[in-house]
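Trainee: Position chain G against the provided structure of chain S, taking the given hints into account.
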Amino acid sequence: MAEPTNEAQPVVAKVRCRYSKSGRMRFASHRDFQRSLERAVRRIGLPVAFSGGFSPRPRISYANAAPTGVASRAEYFDMGLTRDVSTDEMIEALSAALPTGFVIEAASPARGKLGERLSSSHWEWCFEGVGDGAVRNAVNQLLALNSVTVVRMTKSGQKEIDVLAPWVDHAVSASQCGDEGICAILRVVLHHTTPAVRPDDVLAVLVERTDLKPPRPVLMTRLAQGPFDETSGLPGDPLA
Amino acid sequence: MSDSIFTELEPLLAEVNRPVQYVGGEVNAITKDWDSATVRWVLLYPDAYEVGAPNQGLQILYEVLNERPDVLAERAYAIWPDLEALLRSNGLPAFTIDGHRPLRSFDVIGVSLATELGYTNLLTSIDVAGLPLHSRDRTDADPLLVVGGHAAFNPEPIADFVDAVVLGDGEEAVLSLTEFLRDWKQQGAPGGRKELLRRLAASGQFYVPSFYDVRYADDGAIESVVPNRPGVPWTIAKHTLMDLDEWPYPKAPVVPVAETVHERASTEIFRGCTRGCRFCQAGMITRPVRERSASTVAEMVDHSLAKTGYREVGLLSLSSADHSEIGKLAEGLADRYEGTMTSLSLPSTRVDAFNIDLANELSRNGRRSGLTFAPEGGSERLRKVINKTVTEEDLIRTVSAAYGSGWRAVKLYFMCGLPTETDDDVLQIAELARRVIEAGREISGRRDIRCTVSIGGFVPKPQTPFQWAGQLGHEETDRRLRLLGEALRADRNYARAIGFRYHDGRPGMVEGLLARGDRRVGAVIEEVWRRGGRFDGWSEHFDFDLWRSCAEDLWEDQPISLSWFTTRERTRDEILPWQHLDAGLDADWLWQDWQDALAEDEVGDCRWTPCSACGVCDVMDTMIQIGPRPQSAAEWAPPTGVGARSPAERSGADG
Numbered sequence: 001m002a003e004p005t006n007e008a009q010p011v012v013a014k015v016r017c018r019y020s021k022s023g024r025m026r027f028a029s030h031r032d033f034q035r036s037l038e039r040a041v042r043r044i045g046l047p048v049a050f051s052g053g054f055s056p057r058p059r060i061s062y063a064n065a066a067p068t069g070v071a072s073r074a075e076y077f078d079m080g081l082t083r084d085v086s087t088d089e090m091i092e093a094l095s096a097a098l099p100t101g102f103v104i105e106a107a108s109p110a111r112g113k114l115g116e117r118l119s120s121s122h123w124e125w126c127f128e129g130v131g132d133g134a135v136r137n138a139v140n141q142l143l144a145l146n147s148v149t150v151v152r153m154t155k156s157g158q159k160e161i162d163v164l165a166p167w168v169d170h171a172v173s174a175s176q177c178g179d180e181g182i183c184a185i186l187r188v189v190l191h192h193t194t195p196a197v198r199p200d201d202v203l204a205v206l207v208e209r210t211d212l213k214p215p216r217p218v219l220m221t222r223l224a225q226g227p228f229d230e231t232s233g234l235p236g237d238p239l240a
Numbered sequence: 241m242s243d244s245i246f247t248e249l250e251p252l253l254a255e256v257n258r259p260v261q262y263v264g265g266e267v268n269a270i271t272k273d274w275d276s277a278t279v280r281w282v283l284l285y286p287d288a289y290e291v292g293a294p295n296q297g298l299q300i301l302y303e304v305l306n307e308r309p310d311v312l313a314e315r316a317y318a319i320w321p322d323l324e325a326l327l328r329s330n331g332l333p334a335f336t337i338d339g340h341r342p343l344r345s346f347d348v349i350g351v352s353l354a355t356e357l358g359y360t361n362l363l364t365s366i367d368v369a370g371l372p373l374h375s376r377d378r379t380d381a382d383p384l385l386v387v388g389g390h391a392a393f394n395p396e397p398i399a400d401f402v403d404a405v406v407l408g409d410g411e412e413a414v415l416s417l418t419e420f421l422r423d424w425k426q427q428g429a430p431g432g433r434k435e436l437l438r439r440l441a442a443s444g445q446f447y448v449p450s451f452y453d454v455r456y457a458d459d460g461a462i463e464s465v466v467p468n469r470p471g472v473p474w475t476i477a478k479h480t481l482m483d484l485d486e487w488p489y490p491k492a493p494v495v496p497v498a499e500t501v502h503e504r505a506s507t508e509i510f511r512g513c514t515r516g517c518r519f520c521q522a523g524m525i526t527r528p529v530r531e532r533s534a535s536t537v538a539e540m541v542d543h544s545l546a547k548t549g550y551r552e553v554g555l556l557s558l559s560s561a562d563h564s565e566i567g568k569l570a571e572g573l574a575d576r577y578e579g580t581m582t583s584l585s586l587p588s589t590r591v592d593a594f595n596i597d598l599a600n601e602l603s604r605n606g607r608r609s610g611l612t613f614a615p616e617g618g619s620e621r622l623r624k625v626i627n628k629t630v631t632e633e634d635l636i637r638t639v640s641a642a643y644g645s646g647w648r649a650v651k652l653y654f655m656c657g658l659p660t661e662t663d664d665d666v667l668q669i670a671e672l673a674r675r676v677i678e679a680g681r682e683i684s685g686r687r688d689i690r691c692t693v694s695i696g697g698f699v700p701k702p703q704t705p706f707q708w709a710g711q712l713g714h715e716e717t718d719r720r721l722r723l724l725g726e727a728l729r730a731d732r733n734y735a736r737a738i739g740f741r742y743h744d745g746r747p748g749m750v751e752g753l754l755a756r757g758d759r760r761v762g763a764v765i766e767e768v769w770r771r772g773g774r775f776d777g778w779s780e781h782f783d784f785d786l787w788r789s790c791a792e793d794l795w796e797d798q799p800i801s802l803s804w805f806t807t808r809e810r811t812r813d814e815i816l817p818w819q820h821l822d823a824g825l826d827a828d829w830l831w832q833d834w835q836d837a838l839a840e841d842e843v844g845d846c847r848w849t850p851c852s853a854c855g856v857c858d859v860m861d862t863m864i865q866i867g868p869r870p871q872s873a874a875e876w877a878p879p880t881g882v883g884a885r886s887p888a889e890r891s892g893a894d895g
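If you're matching them up, the sequences are chains S and G in order.
Mapping to this note's numbering: the first sequence position 123 is 123, numbers consecutive.
Count along the second sequence starting at 1, add 240, and that's the number in this note's numbering.
Chain S on its own, in the form it takes in the complex (with noise of 0.2 Å):
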């Protein structure tokens, strides 16, 4: 007998998703949606597309998923199918077979490279039981810095990154919320960069490098994610 081999499937629809994640599944990795939303489509049925080959794979592709522990608004992945589906259906359908904390925002049908539409990030850090004046003289410590770099580790080894490189705007509010009353929000406008910096590289420099201590843990949220608007200074629809 020959090794079972498969076709690839034909796409024949490629649509474009926005999710959010919050709540429980902000603890979720990327790589546990990525399982929830394979296992969710085969409940529903929705005509995915698999590759080829001995292994076939769901024709799913994703980029800049926010880290573990962070909520989203604007997480992106585009999805290839054998046959055209209505999306307001399809969103409805996918949302609610995923847990509860995973929810489909938007579709749209895909254009150009995912990657290439999300250019920058909106991100917010709640910072409970602390005013707002302390996050705004620790922004302005940083910010006075001409440069603030953190270590990664890539493929390609150790690397530098500049937190205040990609550092558009921020803006700084206070706010009500948990049982401690006041919390500060701080939200900030970066570009993505290769490797990009997370929300939680900046939380670690402001701890570092100025005089800021969150007495709890710091929850962080993206926004909005896509290609930078020079008008509005955000992050624009990568849908439109």
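By construction, these hints were calculated from the structure, which means they are not laboratory data.
Built from N, CA and C at the ideal position, the CB exists for glycine as well.
The reader is advised that the hints may include incorrect statements.
As the list claims (entries may be wrong) - With a Cα cut of at most 25 Å, we get these calculated DMTMM-like pairs of lysine to aspartate or glutamate: (1) S:213 x G:255; (2) S:213 x G:250; (3) S:213 x G:322; (4) G:547 x S:92; (5) G:547 x S:162; (6) G:272 x G:435; (7) G:624 x G:840; (8) G:568 x G:542; (9) G:425 x G:275; (10) G:547 x G:578; (11) G:624 x G:634; (12) G:272 x G:255; (13) G:434 x G:423; (14) G:651 x G:592; (15) G:425 x G:382; (16) G:651 x G:632; (17) S:155 x G:499; (18) G:491 x S:38; (19) G:491 x G:542; (20) G:425 x G:307; (21) G:547 x S:89; (22) S:213 x S:162; (23) G:425 x G:411; (24) G:491 x G:273; (25) G:568 x G:634; (26) G:547 x S:105; (27) G:491 x G:423; (28) S:213 x G:248; (29) G:547 x S:38; (30) G:272 x G:411; (31) G:651 x G:503; (32) G:547 x G:307; (33) S:155 x S:116.
Claimed, not checked - Far from chain S by the CB rule (all over 10 Å, computed), these chain G residues: (34) 246; (35) 476; (36) 687; (37) 801; (38) 807.
Mentor: Chain G alone, transformed into the frame defined by chain S:
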């Protein structure tokens, strides 16, 4: 009311490894309203989520209990040291991952003991939950701690820590325990937990260790095990579930978000095994064989795939190719899922029950997994000792067929330290591997044929013919493994084609201590745990010196020791710690089987040779249930059918 501690837990999760394992919320997970239930269970698996979540036993009980309207069951798994430290420093209790409720709020904590190496983790869970470590110190405010699973067939090493023990199949046992609890609660908990335990013990269905006194003789051996109050039976029998078609669980398995060791829709195709491998505790304690019908299995697989979205189906049992309708089953499933990217696997396949048609069906729809066989012993002589009656010709014929059909790699499992084993028996593994490669190269005409030899130390287990055997010491095990490694590498013509994986002998010594230990071992477990022992089944956490020094310290002036419990051969008249716990196996039959092993005499399988009178069916009032079968359970063949089926009938559709 029991409130979720998730709000307090959430900030801690940001600081631990793989936090997703603690958050629950998986597809098919169940969280019921606390007040809707009269009896509330925790199902605790004392190992990491990634190992415990796919466990079939726990999944089954989770559904069986939650299907009852006034019962709720939530899951809990072992907590890793990083979270344990944070829970302790923040004053938070051990919790369930479904409702994140404190374990101590529940009525009963049911613990599934698949192996002995989870005992220290069990102590962590009990302690962080806020329960007193010892059963005798618990009050009416504490839940009942009940253990079951294979290791519970000798629960004596953990007797001080548990309140009650279930032997055998759990489905009916958990429902029965639920009844006892419900009645007792509704009566206003008369007599407190003592009375509840008395009722459980008096029923004969549950073993309550505290109701038995164990006395020891001067030489260290057990002198007597005696009930210490009236109305408590002298022996406790295992539970046996009949008519598995009536219990098609799990129906909707929980689909983990976290990565786990088995990612597949597992369906148990039969329970029990009578092949009679003498080292195999599972095969001895789960008799008789009870098959699910091909149609029930097909329905269960269909349901499970629809509810989970998995791409792999695992047909589980102790020896899956032995199912009387396996050929028909595999072909039917392969047809049904053709073109759906769904693969089939038979995790436990015997060399002599395997055939290439079956293998081709299994790999028809996509991924072809490697073939794994377990000859267990390297020489034919040794395979007679262990009653794993696979001839070398069987093995060569089977692997040749596989290599001839396109497989390139075969994995072979062995054990080291089997009773009567010599260096020569071990070295014959190398010879066998060479012959496998040779046969593969010849039939396929290729050089890229591979064979992996995987070997670990043999640990004698209770309720088996080898329960009397002396375990091979770890130094000697390691020496024999080195010898084998050298032999495998010696011949350059084969060295690259043969892979060698082995486990060193030390974890086996602790497993042996815990498997055949008595109540005096409990103090060692506790001391190891107090000195930081955790996750003993994980090589990166296992600390042999810790176990050895705790045993030496505690038993300094006593006749017992680590080697007394492990490497010492027992005599026929010694009272074994588990002698009052009845798996149905006749003690004389077990002893005779041990003597037959030493004489290299084999015993047949009662499914197709005459009954060897192991005693289980008579004592437990059970019978073999194998198909093809009538539609209704009431039409089962009478037990006189034992041994009536010939091998030709058995092989049926897969010829």
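Trainee: Is it true that the CA of residue 624 of chain G sits at most 25 Å from the CA of residue 634 of chain G?
Mentor: Roughly 14 Å separates the two Cα atoms, so the pair holds.
Trainee: Does residue 542 of chain G lie within 25 Å of residue 491 of chain G when you go C-alpha to C-alpha?
Mentor: holds (10 Å)
Trainee: Hinted pair, alpha-carbon criterion (25 Å max): residue 568 of chain G, residue 542 of chain G. Please report holds or violated.
Mentor: Satisfied, since the Cα-Cα distance of roughly 16 Å is no more than 25 Å.
Trainee: Would the hint linking residue 568 of chain G and residue 634 of chain G be met if the CA-CA limit is 25 Å?
Mentor: Holds, at about 23 Å.
Trainee: Holds or violated: residue 213 of chain S and residue 322 of chain G, Cα atoms, limit 25 Å.
Mentor: Judged against 25 Å, a Cα distance of about 22 Å means the pair holds.
Trainee: Quick one, are residue 213 of chain S and residue 255 of chain G close enough, alpha carbons at most 25 Å?
Mentor: Cα-Cα ~16 Å, so holds.
Trainee: Quickly compare the C-alpha distance for residue 624 of chain G and residue 840 of chain G to 25 Å and report which way the hint goes.
Mentor: holds (5 Å)
Trainee: Need the status of pair residue 425 of chain G, residue 411 of chain G: alpha-carbon distance at most 25 Å?
Mentor: holds (22 Å)
Trainee: Straight-line Cα separation of residue 491 of chain G and residue 423 of chain G no greater than 25 Å?
Mentor: violated (29 Å)
Trainee: Looking at residue 801 of chain G again, its CB stays over 10 Å from all of chain S?
Mentor: The assertion about residue 801 of chain G holds, with a minimum of 45 Å to chain S.
Trainee: Run the distance test for residue 547 of chain G versus residue 162 of chain S: straight-line Cα separation, threshold 25 Å.
Mentor: Roughly 47 Å between the alpha carbons, so the hint for residue 547 of chain G and residue 162 of chain S is violated.
Trainee: Are the Cα atoms of residue 425 of chain G and residue 382 of chain G separated by 25 Å or less?
Mentor: Since the Cα atoms of residue 425 of chain G and residue 382 of chain G sit roughly 14 Å apart, the hinted pair holds (cutoff 25 Å).
Consistency note: the structure conflicts with the earlier hints numbered 5, 6, 12, 27 and 34.
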